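Chains as they are written, first to last, in numbering that gives the first Met the number 0: chain A, 0 to 201; chain B, 0 to 201; chain C, 0 to 201; chain D, 0 to 201.
Rather than coming from a laboratory, the hints here were simulated on the basis of the structure. These numbers come from a predicted model, not from an experiment. Misleading hints may appear alongside valid ones.
Given that identical chains are not distinguished, each listed pair holds provided it fits within a single copy or across any two copies.
What the hints assert, rightly or not - Heads up, simulated SDA-like pairs for lysine to any residue below, C-alpha to C-alpha not over 25 Å straight-line:
(1) Lys139 - Gly63
(2) Lys107 - Gly191
(3) Lys139 - Phe67
(4) Lys107 - His33
(5) Lys107 - Pro34
(6) Lys107 - Met48
(7) Lys107 - Phe86
(8) Lys139 - Arg78
Protein chains: 4
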Amino acid sequence: MGEKDSGAGHLHRLVLFSDAVFAIAITLLAIEIHPPEHWRGAADLFAQMGHKLTAYAVSFAVIGVCWFSHRRVFARLVRANGGLDIFNFVVLGLIALLPLSTEMLWEKPDGEAVLVYVGHVALIGLAMGLVWAYAAFVGKLTEPMPVGEAIFVLLRVALLPGLMCGLTIFSLVKPWGWVLLAALVLVMNLIGRRLSAAPKAA
Amino acid sequence: MGEKDSGAGHLHRLVLFSDAVFAIAITLLAIEIHPPEHWRGAADLFAQMGHKLTAYAVSFAVIGVCWFSHRRVFARLVRANGGLDIFNFVVLGLIALLPLSTEMLWEKPDGEAVLVYVGHVALIGLAMGLVWAYAAFVGKLTEPMPVGEAIFVLLRVALLPGLMCGLTIFSLVKPWGWVLLAALVLVMNLIGRRLSAAPKAA
Amino acid sequence: MGEKDSGAGHLHRLVLFSDAVFAIAITLLAIEIHPPEHWRGAADLFAQMGHKLTAYAVSFAVIGVCWFSHRRVFARLVRANGGLDIFNFVVLGLIALLPLSTEMLWEKPDGEAVLVYVGHVALIGLAMGLVWAYAAFVGKLTEPMPVGEAIFVLLRVALLPGLMCGLTIFSLVKPWGWVLLAALVLVMNLIGRRLSAAPKAA
Amino acid sequence: MGEKDSGAGHLHRLVLFSDAVFAIAITLLAIEIHPPEHWRGAADLFAQMGHKLTAYAVSFAVIGVCWFSHRRVFARLVRANGGLDIFNFVVLGLIALLPLSTEMLWEKPDGEAVLVYVGHVALIGLAMGLVWAYAAFVGKLTEPMPVGEAIFVLLRVALLPGLMCGLTIFSLVKPWGWVLLAALVLVMNLIGRRLSAAPKAA
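Looking at chain A on its own, in the form it has when it is part of the complex (with noise of 0.2 Å):
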């Protein structure tokens, strides 16, 4: 027991440490960004910076869906170990290089820039993915739950940042690829619901 109430205390502090890098990572997306030199009126400040403010835009978002899912992950975990630290450890690493990734965005922003921009939201996906795998799977560290349940958390987590993603910023080029995203979001939403009901309903 007292084993257990010290992975809880674990998990707290390794929760607000993570919140912390959030915020800041989400808070630094904007420092790069400065005022231009020269502008008359709001109409001509906003077609100078309109890159910029799209890009900062687009990954607040991305940082905002990571946040979301880690929230999600984390809510479902009862206490935390070495070994979660780790996993945690690389999606953090990999949030805090996301303004970097952002400022090569609306430096160059070309077909490459995009790719290796999504390549990385999605790699972000797939550490959050590893560190679900690790805790509901090796490390015991969930509350007990249907293995159908843990899987279909673990695809979610895995793959929705980089499909998202993806698919936001097909949508700002293609507007049709909105009705894509808006049917993932419902259709994850959904099987989540079913999912979540059954065991309440057994």
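Given the coordinates of chain A, work out where chains B, C and D should sit on it, guided by the hints.
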């Protein structure tokens, strides 16, 4: 009940995360201010840095007012959900851009920059109003409260930042603006007290 | 009672927010320090960076002393209110400017810069004194305590940062300043112990 | 008892403050990395940024190990005092300088820079050892524990960061260094388990 508890843990983590973003944004305000290369005596130093320090003080006060509003809104919530996350992220995204607008303000301290700046702050207020409107009327995330009070909170949260910021900057030019500002705060406080006193008497 | 509880939650959030600002300011102290372009061996490296590292160490100690004071003040409070928010924001606003003063100190390490720097630190102390004076004498936010102790805390909180900072810098030039510094800390500690011992005996 | 409680609140605030400094330092590691001006394809991008990303990964791992050590030390404490504040501030001051050493490492990746860098990390370990030595032997801030275990913790905390960092960098040049590193972690873990198992059996 389990659902509500998890909503409360969610709320706690959301508040801590928001606090971290506020704290980082407020501290980053100062990061682009550098001392002048040559100066003789404190008077000369302040003469050269005056406009930057003024912009810093205004933005610090603005983030202070927003944090104050945010704290008051979230003190009335009893749980959080995914929708609240999203609206709160919009607020944080605007807060994190404030150092950028502040930099713009001291580099080009004319009417246009002031307009963009006050517009930015007003937008933060409106986004915070959205958070409250969602929490109180859609997500039912608050304790039970009279509709009249909920609407008053909405107006105060949504309009106060823009009004206070506009009046503060106006007061730097026309000193009698401070009287308007004091009157605004006083009236808001009086209405707030009357509204929160009423249900207790009932 | 509900009022008091909400005041305690408010206090908790205010402390966390302040801690975040302190932590960010203290970490940003180092951000403008860059390694020299050319250096041969560790001795040369330290010779070239010595004045920056000294300024860093002094400012780190200054923020440390302020955090220490802040923690001691807030450990005596039992609730918070809007007035405390405002005075505390003044303290945080001055803390967040310390990286700027530090940069000034290493770019122009002469008497004038030292004077401005020590003045800045003394101002932080006075602002912290204002926080305590408001909390203890106006807002009645503390546990009941003898007036003599409250006044001693006020003097210690308001004067210590400026005195310690001035003496530390003085000691870098005249080594016997360290004796004065040690005596100051010792005397303050003795008075503090006597004052806090007295009511326990009563 | 009131004394102990206040020491526990103090400890909690100290841990949160330290976590914030760790989180900021770890996130700032990436802030001086900028994308190259010209690049074609992901392979060229990584070729140009490889040395910076390697230095980033090493420093991220170093701060990770330090955070891990810090968490383990503080999980054994039951209260804090002013002395702990001071020693902990020395650790944090060295942690906050790590982005500077990392920058040095990628700007001048030769033997001298590596030596200064590993020396810096070893110093962090020694400072953390000082924190533990003070807490366990002078301030009596821990739960009661056998002297042998306290000394083992001291050695592990004080020497591990420097050893692991040195071996990691060594392994980037000579791949068989990884074997030494794995052996070091394994042996430390085995001794730690035996020591913490013993008192439970008693």
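Right, here's what the structure says about each hint:
no.	hint	result
1	Lys139 - Gly63	between (27 Å within a copy, 23 Å between copies)
2	Lys107 - Gly191	neither (38 Å within a copy, 51 Å between copies)
3	Lys139 - Phe67	both (22 Å within a copy, 20 Å between copies)
4	Lys107 - His33	both (17 Å within a copy, 13 Å between copies)
5	Lys107 - Pro34	both (18 Å within a copy, 10 Å between copies)
6	Lys107 - Met48	both (14 Å within a copy, 16 Å between copies)
7	Lys107 - Phe86	neither (31 Å within a copy, 30 Å between copies)
8	Lys139 - Arg78	within (9 Å within a copy, 28 Å between copies)
When held up to the earlier numbered hints, the structure conflicts with 2, 7 and fits the remainder.
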